[in-house]
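Quick note, the sequences are listed as chains A and B, same order.
At position 72 of the first sequence the residue is numbered 72 (the numbering used here), and the sequence of numbers has no breaks.
At position 9 of the second sequence the residue is numbered 9 (the numbering used here), and the sequence of numbers has no breaks.
Just so you know, the hints here were simulated from the structure itself, not pulled from any lab data.
Glycine included, C-beta positions come from ideal geometry on N, C-alpha and C.
Hints may contain errors.
Claimed, not checked - Across the chosen pairs, the derived CB separations fall in these ranges:
#1 B:K98 - A:D60: 37 to 47 Å
#2 A:W133 - B:R69: 15 to 25 Å
#3 A:R142 - B:R66: 26 to 36 Å
#4 B:E89 - A:D151: 54 to 64 Å
Said to hold, decoys possible - Stretches of chain B that chain A covers, calculated by requiring three or more beta carbons in the stretch to come under 8 Å of a beta carbon on chain A:
#5 23–32
#6 111–121
#7 131–141
#8 145–151
Protein chains: 2
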Amino acid sequence: MPQSDPLASTRASDHAAGLAEAIGDAVVVSDPEGAITVWNAAAERIFGFTAAEALGRSLDLITPERHRRRHWDGYAKTMRTGVTHYGAETLRVPALHKDGRQLSIAFTVGMVRDASDRVTGIVAVIRDETERWAEEKRLRQRVADLEAIADPARREP
Amino acid sequence: MPQSDPLASTRASDHAAGLAEAIGDAVVVSDPEGAITVWNAAAERIFGFTAAEALGRSLDLITPERHRRRHWDGYAKTMRTGVTHYGAETLRVPALHKDGRQLSIAFTVGMVRDASDRVTGIVAVIRDETERWAEEKRLRQRVADLEAIADPARREP
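The following block holds chain A by itself, in its conformation from the complex:
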């Protein structure tokens, strides 16, 4: 994906960047080509990249290699149609930390539009749910283990 001048975008949306900066979840805005134009403090915390390192870069920065093709297919379609598939849905996917660790993130996406309703990008709001996923997996495994123990027991009178 081509890169754009991040400073032009952030200057044009100082107020928006101010609110994004205040938000406690990662807020990542990307332009129609998929270049990052907003990267707030929580995004720095979750992914390990500073704003200086992330702005202007492609979203590949945090997308695992095996997910990139599907990611960009969906991205291009969303920009073309102006509609996200997801509506109110929270998406759960793997992502990459700067240090190479895999994260489990939960995010929503929305279309960013200018005053004339033209789509200028996509905003993702992202939570790191790596620990929560591990806990849920542990619970499901515990259920499976217990069911394996309990089932023979149940067959006894």
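Starting from the known structure of chain A, fit chain B onto it as the hints suggest.
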């Protein structure tokens, strides 16, 4: 809590409101007195109140009665100190839908500041996790039920 003129606040932050509107999670900004100044489309979807119904109202609109005192104690302290207790934490609390239903929400909070770094409000980003909580509760109950069954079984040779 006193109410303020919501239109003055939304006009002053058109760009911020534009980004907030695009975001797929509920974005609720409240002023130092706790009156709602930003209420985006996802907030309408999750809580059932339109922006017209919510703007200018107190956060009591969505706070269960039994949680209000603690909520406002924390709110006042946050406005006084300019620091949220929570940092990167995601908070999980009950909330109210317009139709009276209790919701389980997960939210982050952050301080909104003006150009001179004065705190002008608090931004909450909110997900409805009512179904997810019910599912987690069901899983934990399943573990407890299975443990009650499995434990006597384990005591057998």
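**Study point:** Which numbered hints fail
**Key:** 2, 4
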